[in-house]
Structure formats: C-alpha cells, structure tokens
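*Asks:* Residue numbers (UniProt numbering), protein chains in the order written: chain A, 1 to 132; chain B, 1 to 132; chain C, 1 to 132; chain D, 1 to 132; chain E, 1 to 132; chain F, 1 to 132.
Please keep in mind that the hints were generated in silico from the structure rather than gathered at the bench.
Be a bit skeptical, because a hint or two may be false.
Remember, identical chains collapse to one label, so a pair may be satisfied in a single copy or spanning two.
Below, simulated SDA-like cross-link-like pairs (lysine to any residue); rule was C-alpha separation at most 20 Å, straight line [unchecked claim]: (1) K37 / I88; (2) K56 / N4; (3) K56 / G87; (4) K118 / V24.
There are 6 protein chains.
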Amino acid sequence: MELNRFEKGLNKLAEVDGNAGEQVIAALDDIAPDLGKYIVEFAFGDIYCRETLDLKEREMITLASLLTLGGCEAQLNVHINGALNVGIAPEKIIEIFIQCIPYTGFPRVLNAVGVARKVFVDRNIRVAKINS
Amino acid sequence: MELNRFEKGLNKLAEVDGNAGEQVIAALDDIAPDLGKYIVEFAFGDIYCRETLDLKEREMITLASLLTLGGCEAQLNVHINGALNVGIAPEKIIEIFIQCIPYTGFPRVLNAVGVARKVFVDRNIRVAKINS
Amino acid sequence: MELNRFEKGLNKLAEVDGNAGEQVIAALDDIAPDLGKYIVEFAFGDIYCRETLDLKEREMITLASLLTLGGCEAQLNVHINGALNVGIAPEKIIEIFIQCIPYTGFPRVLNAVGVARKVFVDRNIRVAKINS
Amino acid sequence: MELNRFEKGLNKLAEVDGNAGEQVIAALDDIAPDLGKYIVEFAFGDIYCRETLDLKEREMITLASLLTLGGCEAQLNVHINGALNVGIAPEKIIEIFIQCIPYTGFPRVLNAVGVARKVFVDRNIRVAKINS
Amino acid sequence: MELNRFEKGLNKLAEVDGNAGEQVIAALDDIAPDLGKYIVEFAFGDIYCRETLDLKEREMITLASLLTLGGCEAQLNVHINGALNVGIAPEKIIEIFIQCIPYTGFPRVLNAVGVARKVFVDRNIRVAKINS
Amino acid sequence: MELNRFEKGLNKLAEVDGNAGEQVIAALDDIAPDLGKYIVEFAFGDIYCRETLDLKEREMITLASLLTLGGCEAQLNVHINGALNVGIAPEKIIEIFIQCIPYTGFPRVLNAVGVARKVFVDRNIRVAKINS
Chain A
1 MELNRFEKGL NKLAEVDGNA GEQVIAALDD IAPDLGKYIV EFAFGDIYCR ETLDLKEREM
61 ITLASLLTLG GCEAQLNVHI NGALNVGIAP EKIIEIFIQC IPYTGFPRVL NAVGVARKVF
121 VDRNIRVAKI NS
Chain B
1 MELNRFEKGL NKLAEVDGNA GEQVIAALDD IAPDLGKYIV EFAFGDIYCR ETLDLKEREM
61 ITLASLLTLG GCEAQLNVHI NGALNVGIAP EKIIEIFIQC IPYTGFPRVL NAVGVARKVF
121 VDRNIRVAKI NS
Chain C
1 MELNRFEKGL NKLAEVDGNA GEQVIAALDD IAPDLGKYIV EFAFGDIYCR ETLDLKEREM
61 ITLASLLTLG GCEAQLNVHI NGALNVGIAP EKIIEIFIQC IPYTGFPRVL NAVGVARKVF
121 VDRNIRVAKI NS
Chain D
1 MELNRFEKGL NKLAEVDGNA GEQVIAALDD IAPDLGKYIV EFAFGDIYCR ETLDLKEREM
61 ITLASLLTLG GCEAQLNVHI NGALNVGIAP EKIIEIFIQC IPYTGFPRVL NAVGVARKVF
121 VDRNIRVAKI NS
Chain E
1 MELNRFEKGL NKLAEVDGNA GEQVIAALDD IAPDLGKYIV EFAFGDIYCR ETLDLKEREM
61 ITLASLLTLG GCEAQLNVHI NGALNVGIAP EKIIEIFIQC IPYTGFPRVL NAVGVARKVF
121 VDRNIRVAKI NS
Chain F
1 MELNRFEKGL NKLAEVDGNA GEQVIAALDD IAPDLGKYIV EFAFGDIYCR ETLDLKEREM
61 ITLASLLTLG GCEAQLNVHI NGALNVGIAP EKIIEIFIQC IPYTGFPRVL NAVGVARKVF
121 VDRNIRVAKI NS
C-alpha cells in the first residue's frame with residue numbers, strides 16, 4: 001500500500017534525523033502541531049524524498065543554507081547530527097563550512113563550527129585534523 | 001616549480017568559471033584591483049584548491065549559500081555557469097535550489113531559478129523536466 | 001467532490017493574485033515545474049486556505065515579511081497586487097511598510113515603497129495622502 | 001495640553017508593552033539613554049500613534065518582521081507579550097508565524113514559535129490546538 | 001531662532017547628500033510623504049546631527065551597514081555620493097568596502113564596488129590604484 | 001627579515017584583540033585549525049594590515065557590519081573589546097551603534113548595545129552619558 005505524504009515524511013525524518021527530528025516535531029505538539037505536520041509532510045515527505053540528489057547532497061545543501069541564514073544554531077545542531085547520520089564524515093562537515101567563507105565571511109562560519117563542536121562532543125567524535 | 005597562491009588561484013578560477021571569472025577580476029582592475037587579487041588568492045587559491053570536497057560539491061555549497069544570501073544574482077549567474085562548467089547537470093542545479101525551499105522559503109528560490117533561466121537561455125540549455 | 005491540495009491552491013491563488021500568480025506558475029513550467037507545484041499546493045493550498053486569519057491579514061503579514069527579507073522586489077510586486085485584489089486600500093499598504101521602519105530601518109522600507117509606486121502606476125491608483 | 005512626542009510615546013509604550021517595554025527603556029539608561037529616547041519618541045510616539053492601522057494590525061506586522069529578521073528573539077519576546085496585551089489571541093500569534101513559512105522557510109518560524117512557547121509558559125497560557 | 005527637527009534635518013540632508021537626498025524625499029511626496037518626513041526628521045535631524053562622531057565617520061558607518069544589508073544598491077548610490085560630498089576620498093570608500101570582506105564575504109563587497117563604479121563614472125572620478 | 005602573512009597576521013591580531021583573538025584561534029585548533037589559519041592570514045595579515053584606513057576606522061567599520069549581520073554577538077564581543085583596545089572610547093562605540101539605527105532598525109542596535117553592556121561590565125567601564 002502506498003504511503004501518504006505524512007507517512008513518507010516520517011520515514012524520511014527518521015532516516016535523516018533519527019530521534020532528534022522526532023523530538024522537534026513532538027515538542028511542537030502542544031503549541032503549533034500544524035507546524036510539525038508541515039515539516040513532516042512538506043520538508044521531508046515532498047522535498048527530501050525527491051530524486052536527483054541523494055541524502056548526503058541534500059544535507060550538504062541544507063547545512064550551507066542554515067549557516068548562511070545566521071541565527072539558526074538550533075537547526076544547525078539538528079542537521080549536523082543529520083549529516084553524520086547519513087554518513088557524512090565530521091571532516092567533511094567542517095569542510096562544507098569552510099567552503100562558505102568566501103560567500104558569507106568568517107562570523108557565520110565560526111558560529112556554525114561552534115555548533116559542530118558541541119555536536120561532536122555530544123557524540124564523542126574526534127575530528128581528523130585537516131591542514132592544507 | 002611550485003605555483004604561488006595567485007597562480008594556483010588563477011588556474012582554479014579558469015577551471016571553474018572559464019572566461020566569466022576572469023572577466024569579474026578584470027572588471028575590478030580600474031577600481032579595486034586588490035579585491036580581485038583577494039578573490040583569486042583566497043577564494044580560489046586557498047579555498048577552492050582544498051581537499052576533502054571536490055569541485056562539484058564546492059559549487060553545490062556555493063550555490064546554496066548565494067541563494068540564501070539574497071541579492072546576489074550577479075554571483076549566482078557566475079556560479080550557475082561554474083556549476084555547469086564542472087559538470088553539474090542543469091536538472092541538478094534546479095534540484096539544489098528546490099532543496100533550499102524549506103530553509104529559505106519560496107522567494108529566494110524563485111529568484112535563483114530566475115537567474116538559472118537566463119543562464120540556460122544564454123547557453124542554449126533545455127532542462128529535462130523533473131516531476132515528482 | 002472534495003478538491004485536492006493542488007485544486008484548492010489554484011483557486012486560492014486565483015482569488016489572491018488573479019492573473020499574476022498564475023503567470024508566476026506558468027513561467028516555471030519549462031524550468032522548474034515542481035517549484036510551481038509546491039507553491040500552489042503548499043503555499044496556497046495548505047497555508048493560505050487556513051482558518052484563524054483572513055486573506056487581508058495574511059497579505060499584510062506576507063508584505064511585512066517580504067519587505068524585511070530584502071531583495072524580493074519581484075515577490076513584493078505580486079503581493080502588493082494581491083493585497084489590492086483582496087481589498088486592502090493603497091494607503092493601508094503604504095502604512096504596513098511605514099510600520100516596519102523601527103524594525104528594519106529606512107532602506108528596506110524605501111525599496112518596498114518603490115515597488116508600490118510601480119504597481120500603483122500600472123493600476124492607475126492615486127494614493128490619498130496621509131499626513132500625521 | 002498637547003503631549004510632546006516623548007509623552008505620547010511613553011503612553012503608547014505602556015498601552016502595548018506594559019511593564020516589559022518600560023524595562024527595555026530603563027535598562028538602557030546607564031549605557032545608551034538616547035537609544036531609549038528614540039525608541040519612545042520615534043517608534044512609539046511617531047509610528048505606533050499613527051492612524052490607518054490599529055494596534056493589533058501593527059503588532060501583527062511587527063511580529064512578521066521580527067521573525068523574518070532572525071536573531072531578534074529578545075524583541076520577539078517583548079512583542080509576543082505586546083500582541084497578547086492588545087488582545088491578539090495566542091492561536092492567532094501562532095497563525096501569524098505559520099503564515100510566514102512560505103516566505104522565510106521553517107527555521108525562522110521554529111525559532112519564533114520557540115519564543116512564543118516561553119512567553120505562554122510565563123503567562124500560564126494554553127494554546128487551543130488548531131489542526132487543519 | 002532655534003530650528004525644529006525637520007529644518008535641522010533638511011540642512012543636514014543638504015550638507016551630506018546635496019541634491020540627491022532632496023530628490024529621494026521629493027520622490028516620496030506623491031506616495032508616502034510621511035516616510036520622507038521621518039527620514040528628514042529622524043535620520044538626519046536626530047541621528048546625523050549628533051555629537052561624538054563627525055560626518056565622515058557617520059558616512060563610513062552607513063556605507064558598511066548598507067553593504068552588509070545587501071539589496072540596498074539604491075541607498076549605497078546615495079551614500080557613496082554623500083561620502084564623496086563630505087570629503088571622503090574615493091580610495092577610502094573602496095577601502096571601507098574591502099574592510100568588510102572578512103565579515104560579509106565577497107559577494108556583498110563586489111555588489112557595493114559595482115555601485116561605486118557607477119557613481120565614480122557619473123562624477124568623472126578616477127580611483128588612484130591602491131595595491132598592497 | 002620580512003614576516004610572512006601568518007606572522008604579520010598574528011602580530012596584528014595581538015595588536016587589536018589582545019588575548020581574546022588568540023583564544024578564538026586556539027579554540028579552533030582541535031576542530032577546524034585551517035579556519036583559524038585563514039582568519040590570521042587573510043583577515044588580519046592581508047586586510048587589517050592594509051593602508052588608507054587606520055585601526056580605529058577599521059574597527060568602526062567592523063562593528064557596523066557585525067551589528068547589521070545580526071546573530072553575531074560572539075564576534076561583536078571580540079570586536080567591542082578590540083575597539084576599546086585600539087583606543088575608541090566607550091561613548092564612541094555606543095555612538096557607532098546609534099548611527100546604524102536608520103539603516104538597520106532598532107532590534108539589531110539593541111542587541112549590539114546588549115553585548116557592549118556585558119563587555120563594559122567585564123572591563124569595569126562606565127559610559128559617560130551622552131544626551132542630545
């Protein structure tokens with residue numbers, strides 16, 4: 001039986017964000033449940049389930065966009081975890097942030113790296129040092 | 001003989017942006033030549049020459065960041081051309097923009113797709129229609 | 001028979017934006033048809049069809065958000081027309097922009113008023129002068 | 001006797017923000033008293049005292065603008081309280097944020113809803129669940 | 001006789017922007033005259049007339065802020081002219097933009113330099129080349 | 001012997017930021033050492049060492065840009081300290097923020113002043129009250 005958008009979205013959310021994503025949705029339940037419904041249905045059910053880009057590429061794009069927005073440290077936290085979950089190495093996550101420097105300047109990149117530090121500590125991850 | 005940062009940057013700029021990138025630098029020569037020098041040395045010589053991410057991934061990240069910034073249509077034009085130059089299919093460029101919708105909303109994505117339309121027309125490119 | 005999200009969205013889009021909205025969607029057909037589909041289904045079918053706020057309130061909020069984003073003059077054009085279509089007086093549209101001054105500063109407000117000028121000229125509208 | 005801009009502003013500030021607004025102004029007294037003076041005189045004395053839009057509409061616009069700016073959680077806190085003070089129902093405040101989704105994407109909306117949660121807890125407010 | 005805020009503002013506006021500033025205000029007269037009134041009274045009458053920073057420093061700060069906002073090319077045009085009017089050398093204007101690179105990235109700086117080019121051409125100004 | 005870019009940058013970083021700047025670089029050592037290297041080499045070695053603007057002017061521009069970006073409170077903290085270190089009076093720092101009001105609106109200025117308050121408390125600084 002074919003899944004509806006919400007079910008497809010829930011599955012994709014679990015695949016990318018594991019528990020953290022479900023927690024974001026659950027935390028909305030008492031204040032803005034429809035916001036959670038739209039994130040599941042539209043962001044994950046419609047967008048993340050599309051072809052042409054794989055999950056790693058989608059997380060890479062999402063991280064670049066969240067860094068550039070500024071002020072989205074909570075979402076960067078969820079998606080740095082998501083990037084690790086779909087198999088992007090920690091060194092590659094840092095490299096995604098470094099790639100943004102010419103386009104956003106250093107402050108936004110520093111703030112994103114600061115979030116990555118917290119996530120890596122939480123997950124007991126050591127970053128292999130990349131020196132050019 | 002090892003190339004200096006400027007020479008490495010010029011080579012990388014040519015590899016990614018072909019003529020368009022050199023035109024940006026040349027256009028700066030009479031007003032802010034050092035700005036052009038820093039773009040070549042730092043953006044291309046230092047950042048684009050790094051390991052860990054290939055050129056296609058770097059252009060993908062750059063496009064996501066430029067879209068999110070807003071107001072950077074001139075730079076989106078250069079980098080949509082750059083993405084095509086390094087072998088990213090037009091359908092994939094559109095997909096990168098679509099991936100940003102949940103993070104930036106529709107206006108910024110519409111504006112980026114508008115720039116892509118102009119680039120594709122200039123380069124006589126037809127986008128294979130992707131319907132989900 | 002109950003309409004699906006796309007049909008509900010098309011109806012709402014026509015109600016708010018008349019021809020202009022349909023033109024935005026049609027213009028996407030050869031380059032990013034799914035982007036148009038999501039705007040119709042999600043922005044108009046899901047969000048604009050909701051209860052609790054009427055169409056005038058929704059357009060008021062949309063105008064404030066587009067002004068604040070900056071660089072979204074094309075979308076401001078569509079929604080200034082939309083605001084007029086749903087019955088918001090031109091003087092009220094200008095007042096919405098003026099209300100933003102303490103939060104965004106003058107440049108973004110000047111740019112939005114500039115778009116309003118073009119729309120009012122196109123639609124042969126004279127703004128009743130509001131002096132405090 | 002006619003009030004001057006500062007007095008009109010203080011009255012309007014009290015009407016919208018009650019104690020919270022006065023606290024923002026008072027907190028500036030030892031570091032940037034003129035900043036507080038301009039907020040009272042210009043934002044509240046000039047802008048908020050204008051005709052054509054009522055206080056509820058002004059708070060609606062202000063909330064949309066603050067959400068879209070990003071990084072203005074402190075001001076969102078003051079104005080979510082202000083919106084409640086002028087009689088906007090909590091469900092309507094959430095709906096204002098939901099209306100922004102197509103224009104700002106989900107992160108900025110999530111961050112604004114997060115501030116609303118804290119305000120509602122502080123004020124012992126339960127949001128009537130709105131499901132579409 | 002002491003000038004009121006509007007008169008002080010008009011004088012300051014003329015001192016900084018010459019004709020260009022008056023044109024911005026005049027152009028608002030048929031659509032949003034109060035917006036023009038607030039720019040004269042508040043931006044120029046209150047803020048620009050303050051002590052502690054001279055006009056050159058104020059224009060320097062304004063240019064940095066407008067560059068960083070993005071999408072404010074019209075206002076950058078007015079204030080690059082204003083900076084020249086108050087005696088900031090063209091080379092110094094370019095240097096102000098270059099100083100922003102580490103904080104905003106290259107795109108916003110390129111766009112500001114693009115506006116400067118147009119202003120310098122209009123005013124027949126040649127920039128003395130600054131090479132480091 | 002002539003210093004290389006990194007050494008020039010370290011010297012300039014110490015001159016502007018004293019210990020705080022070195023701490024930012026050191027804190028990056030275990031997660032993104034190249035990010036620290038680029039800040040030292042490019043931001044301080046290339047940009048801050050340039051002619052045409054002195055250190056006070058550079059810090060003034062940096063503060064205006066960081067305020068306008070929003071969400072860069074950590075960097076504002078470093079550079080408010082930097083501004084004090086290079087001899088900009090606390091009253092002048094506040095005035096730089098006030099100058100931004102017409103261009104960014106009040107929220108971003110309030111947030112910057114909030115960071116200044118913390119820095120002044122940490123450094124036992126009392127601001128001479130400037131009333132207009």
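*Asks:* Check K118 against V24 for me: Cα-Cα at most 20 Å, and say if that holds within a copy, between copies, both or neither.
*Replies:* both (18 Å within a copy, 16 Å between copies)
*Asks:* Since the copies are identical, ignore which copy is meant and state whether K56 and N4 lie within 20 Å (CA to CA) inside a copy, between copies, both or neither.
*Replies:* neither (24 Å within a copy, 32 Å between copies)
*Asks:* Checking K56 and G87: alpha-carbon separation at most 20 Å within a copy, between copies, both or neither?
*Replies:* both (7 Å within a copy, 18 Å between copies)
*Asks:* Reference check for the pair K37 and I88, CA-CA at most 20 Å: within, between, both, or neither?
*Replies:* Intra 27 Å, inter 24 Å, cutoff 20 Å: neither.
Comparing the model with each earlier hint shows violations of hints 1, 2; every other hint is respected.
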